[in-house]
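K.L.:
Positions 0 to 245 (numbering that gives the first Met the number 0) are the ones given, in order, by the sequence shown.
Hints in this document: simulated from the structure, not taken from any laboratory. Predicted model only: the values in this text are computed from it and were never measured. Quick reminder that beta carbons are idealized off the backbone N, C-alpha and C, glycines included. Possibly wrong hints are sitting among the right ones.
[Claimed, not checked] Restraint-style ranges between C-beta atoms, simulated for each label pair:
no.: 1; residue 1: ARG86; residue 2: PRO37; range: 33 to 41 Å
no.: 2; residue 1: GLY129; residue 2: PRO205; range: 16 to 24 Å
no.: 3; residue 1: ARG86; residue 2: THR132; range: 19 to 27 Å
no.: 4; residue 1: ASP151; residue 2: SER35; range: 33 to 41 Å
no.: 5; residue 1: GLU118; residue 2: PRO194; range: 15 to 23 Å
no.: 6; residue 1: GLY81; residue 2: PRO37; range: 39 to 47 Å
no.: 7; residue 1: SER216; residue 2: ALA168; range: 28 to 36 Å
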Amino acid sequence: MRYRILLLATLIAAACSGPAPAVAQPLPPPGAPAESVPVRSAISVRGPNGLRWGTPNEFETRSALSMAKLYLADYALRHGDGSPMDRMHAERMIRLSDDAAADAVSAKYPQAIGAVAAEYGLAQTTAGAGWNTATTSTADLADFLAAKQATDPTSPTLGWMASAPPTAADGTQQNWGTARLPGVQGSKWGWSDLPPPEVASASFGPGFTVAAHTRGSPEDQTADVEQALAEVLTRIVGGPTPVAVR
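Whenever a hint applies, use it, and build me the whole structure from the sequences.
P.N.:
Below, the structure is given as structure tokens:
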């Protein structure tokens, strides 16, 4: 069984229950560690006590893929007409990554992605010609989910992320990247249907959010996410403690 020093869940739990934990070394600034994480991946982490960390390219504008459905669903739920159809489409977008549902919401609310980006201050997020050409960054995704946790913790979006099934509407297995980290309670995935391979994932847990985008395969992203968090946490806790990766 492979092991990584992914103590994120333990660290977050300790931080949320009291003062910030003591660190063996100063917490590195955004982009400082994870030199061995390939540039194919951008990764962002947000946590308690102001923890903000990312790879040097976390603010890079990249294809939003199906992560754009997080923004579409948020707009439909909070600014839509309140119809049962909007809610059904939002659920299918988040849990099943249903493209047809996203097409319907995007056609009904073409302003949705831009409006959500402006509301949450997501500087790298734009709508493009349609939801499937939208752009975002891992920093924007992690910040968006952190804002939902802080201001709208009962959001259906978070609940649907927590109840996503193993298989998406198109048959894709939803099981890689940030979802593999200990402590994760809910996730959303994105992927390209055309070569070259390109995947994304974003997850939340008790007091933390994490997002990743990889120009590569799901397996590439899982490896890069594990490596990035391992390096950061080595700096935080001061030494490797093996914890099994799910």
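K.L.:
Work down the list of hints and note, for each, if the structure agrees.
P.N.:
Verification of the hints:
Distance hint check: the CB atoms of ARG86 and PRO37 are about 39 Å apart, consistent with the given range 33 to 41 Å. Against the hinted window of 16 to 24 Å, the Cβ-Cβ separation of GLY129 and PRO205 comes to about 35 Å, which falls outside the hint. Hint check: ARG86 to THR132, Cβ distance near 25 Å, so the stated range 19 to 27 Å holds. For ASP151 paired with SER35, a C-beta distance near 36 Å keeps the hint of 33 to 41 Å intact.
For GLU118 and PRO194, the Cβ-Cβ distance of about 35 Å falls outside the hinted range of 15 to 23 Å, so the restraint is violated. Under the hint 39 to 47 Å, the C-beta atoms of GLY81 and PRO37, about 44 Å apart, fit the expected range. Between SER216 and ALA168 the Cβ separation comes to about 20 Å, which falls outside the hinted range of 28 to 36 Å.
The structure fails to meet hints 2, 5, 7 from the earlier list, while all remaining hints are met.
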